[in-house]
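Engineer: In order, the protein sequences belong to chains A, B and C.
Terminal number for the first sequence in our numbering: 342, no gaps in between.
Terminal number for the second sequence in our numbering: 166, no gaps in between.
Terminal number for the third sequence in our numbering: 611, no gaps in between.
A couple of the hints might just be wrong.
Stated by the list, open to error - Here are the computed lysine to aspartate or glutamate pairs in the EDC-like style, where the Cα-Cα straight-line distance is at most 20 Å:
1. B/33 - A/264
2. A/215 - C/497
3. B/57 - B/123
4. A/242 - C/500
5. A/242 - C/484
The set of hints was computed from the structure by calculation and includes no laboratory data.
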Amino acid sequence: MAKVWIDGETTIEVRDADGVNSVYLTVDDKGIIVSAGQTILQAVQRINGIGNIPALCNHPAVKPYGACRLCTVEVSEDGGDKFKFVAACLYPVKDGLIVRTNTEKIKKLRKGIIELMLARCPNVKRIQELAEEYGVEKPRFVLGDQDCILCGLCVRACQEIIGKSAISLVNRGIYREVAAPFYAYELTEECIGCGDCAFVCPTGAIEMGPDGKPILPRVKIPFAEIEAMMKKEAATPS
Amino acid sequence: MDLTLDFPRVKAIVESYTEKVDSLIDSYADNKEQLISLLQDIQAEFNYLPQDVLVKISQRLDIPLSQVFSVATFFRAFSLKPRGRHVVTVCLGTACHVKGGRRLVDKMERDYGIKPGQTTGDMRFTLEAVNCLGCCALGPVVVVDGKYESQMTPDKLDRVLRGYK
Amino acid sequence: MVEQVRRLLEKRVESAAGLESLRQSIVDKRDTSRTCISVCGGTGCRASGAEAVVEAFLDEIERRELQVQVEMKETGCHGFCERGPLVVIRPKQIFYQRVKPEDIPEIIAETVLKGNIIERLLYVDPATKEKIIYEPDVPFYKRQTRTIFGANGTIDPKNIEDYIASGGYSALSRVLTGMKPQQIIDEIKKSGLRGRGGGGFPTGKKWQSCLDAKADIKYVICNADEGDPGAYQDRSLLEGNPHSVLEGMIIGAYAIGSRRGYIYVRNEYPLAVRHARIAIEQAMDYGLLGENILGSGFDFNVTINKGGGAFVCGESSALMASLEGKIGEPRAKYVHMSEKGLWNSPSLLNNVKTWANVPLIINKGADWYSRIGTAGSKGTMIFSLVGNINNTGLVEVPMGITLREMIFDIGGGIPNGKKFKAVQTGGPSGGCIPEKFLDTPVDFDELTKLGSMMGSGGMIVMDENTCMVDVARYFVEFLKGESCGKCTPCREGINRMSEILTNITQGKGKPEDLDTLEDLAGVLSTGALCALGQTAANPVMSTLRYFRDEYIAHIEQKKCPAGVCRELIKYSIDPEKCVGCLRCLRGCPTGAISGEKREPHTLNQGLCIRCGACYDVCKFDAVIRQ
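Next comes chain A alone, as it looks inside the complex (with noise of 0.2 Å):
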């Protein structure tokens, strides 16, 4: 028997389920029991009242990818004599697990991250959020304009829900990019139009184009000018 939280106010008295593999854990020191084989951020967004943690990388239809790093959470597996981080998206449930998602440091950490994603991405309206949302003001460092922060949805639904894998994450560090084949400005005959990669994008950093193809982020320059970019890349040695 256990005493669980299923809101952030009501307690019930469980007991374990038959057949059921269930584990029991404390999130923010409510204790809840879900079923095991799922991770720490699958558990709490079922639950209601129970921890709130962002996470831009995660799409309930495609694998976790733990690239954004903003379900990092604070756990501990030795009754809470030491804690480490890790991301809540990716880190199985486990019996007498200790979480906390919302301690000083976790705190500062997202903060820190918000303030790279928003010095990188500023015109973007969802980091524009959650940077208000976790108090960052004006980062300190060079204003990028990019749209995409790289979390790889779009990458992940084409691969994993249609199979297709049309587009890829090419180059490596801070080159890095989502794209098509050779950066084709056309996307292969791979893609089949079917607008998933828009759909999952948390920044609206992919629309679909007039011809019912995505428009990757590179590509978010008018048509006229590649031309001309092409012009000049042709004539110049490399």
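Since the structure of chain A is provided, determine the placement of chains B and C on it from the hints.
Structural biologist: Using the frame of chain A, we list chains B and C on its own:
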């Protein structure tokens, strides 16, 4: 106008190219996980990764083209553009850096107008910067076409490169 | 063809007893009184011309028809890289350094045939001015404990019989004829061996979790993706003694129940790849690898995979992704690689040096092994001692030796009479240690306490002319180019640290920058996905901790005290000292220096790009840098 019909020599080159590519792919017996090893062989053979070869690999190994492209752009060993006739690799490992390795890169930029990763307009030199070749006692080290040159200075580099046309 | 097959079948050893009789027959056939000239053929010496030295010896031996009396052996890296090309004439162990091809006829004529020493090729101890004749007396070697690396000087890596003759594969024999998997793992645990790749994780514990994992297929992997700039000991070990690594891997595979192994070597190590390939082929020929090893029924096969030029692939999950043909993107390791690694199977990944320690532990026993080193760090460690140091090279020392002993006794101190400033350990994940901690013992935990780490063994010594802000900037630039780009803290955080540090070195730093750097360090250490990102701020934080005044000087006074940061230094010519030799004038790339012969030259600040060429070339100390 099909050039290969008019010029037998061109036809022979194109055919041997296709044969070479096919035999390289065959040698990996359609083993998807050997993609990186296969790309290394292609890079060694052609001095870059031609676009049509990547398309062929994608078809033969049944890997989505976008994923082949991801791998081709992720690793520094691969180049999507043809490299110069001579590859000049400057070691910028810590030991060489402490002994002045950076100056050699600057000299290449001054004299030939290229930064690491770039090729001169006349396709003579490609400059690469690498992080530690493991000959730290002899730094700064520069490798030109596989030949190691030790204790390089901007002057010595000048003299060495003059020998490479 | 029939001949080859027959020879192959003859070579193949079918049992442990067979191996012993093979070993005996090889040893018996060898004439220990025969002169053996071992030439260091490691990549480092090759870069100084060792190949020409080898050719010269072969030519001279043939010309004089001395093939019966004299053997020439091209070995792996000896470690004293500062003095290469190295030649050791055995059995007397006469040590010649900085040998040139022109010296060979004399070496043969005088030393080999007559026993006379050629004085000019001897090593001179700079402290005592004494000429050292014999290799064991060279202070650089004498002060080391070369239990693993010593073999590099006597073994031809392309000939398995050398390895067998010196006792090789006897540990494997012992394991396959009388030890159960749990026994092997207990021995490794008892020895206290910790991973030599950087993490320092208890090796026995890792092996245990791989044995405990229930799966039909398990993998054994050797991480030879040595990416730390300045570290090359893994390369030299794999080049010079690949069998020691192979033997360790086979023992590990037997212990956890794996039949498939991989050696993942950096793309930039062609010689190591070549020698590892030859070693695998020969081991298979001799029945020491492949099917039914030593008649025990145990099968194990090893493939070599080359990296693609990505430092991040040294991280275990990124390495395995790359082995699967994907990009080298790390993943969260909440489920360990020892349970779900390569192809979601249990995978045992260890560093080159860790594998090489295994046969030693099995042969000499965990008790013997654990007597070397400190309480928390057992055994020896191979370091690459490089940078501003007299004796640049690879050193193997017992854990617990102090940094001072390493740098001054073995390393011979700082060249050109300069002062020691800091030693950087642990590569881009480590930190800089200043003079006041020189008496710290080299130990996993001690180094971590100082804000650095053991890492893979790179030890870079820096003198008074090193700018610590520039060092931090250098490592951050390195990581910026190597970040995979998946997670926000690493991709964006490292980029912003690089911007700030570049600004500081160019005189555009602001006081707030130091706080911003600390905040970014916090984001990285708590938020980054993998160890690359988590430790990325270490070089910055450790230099801030011990050399904060340098940062302040750059920010507030716009000065670089060490005289390194280009925007903040100025070159000028002292008219009193300048003799007018025109050397600097000719060397100046922008024509900023003008003057007549034998007249003091002048430097036009407007054209000067502060490249330092004039400073380097002036023999009269007339160029001033401030």
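Engineer: Would you pick out the hints that fail for this structure and give their numbers low to high?
Structural biologist: 3
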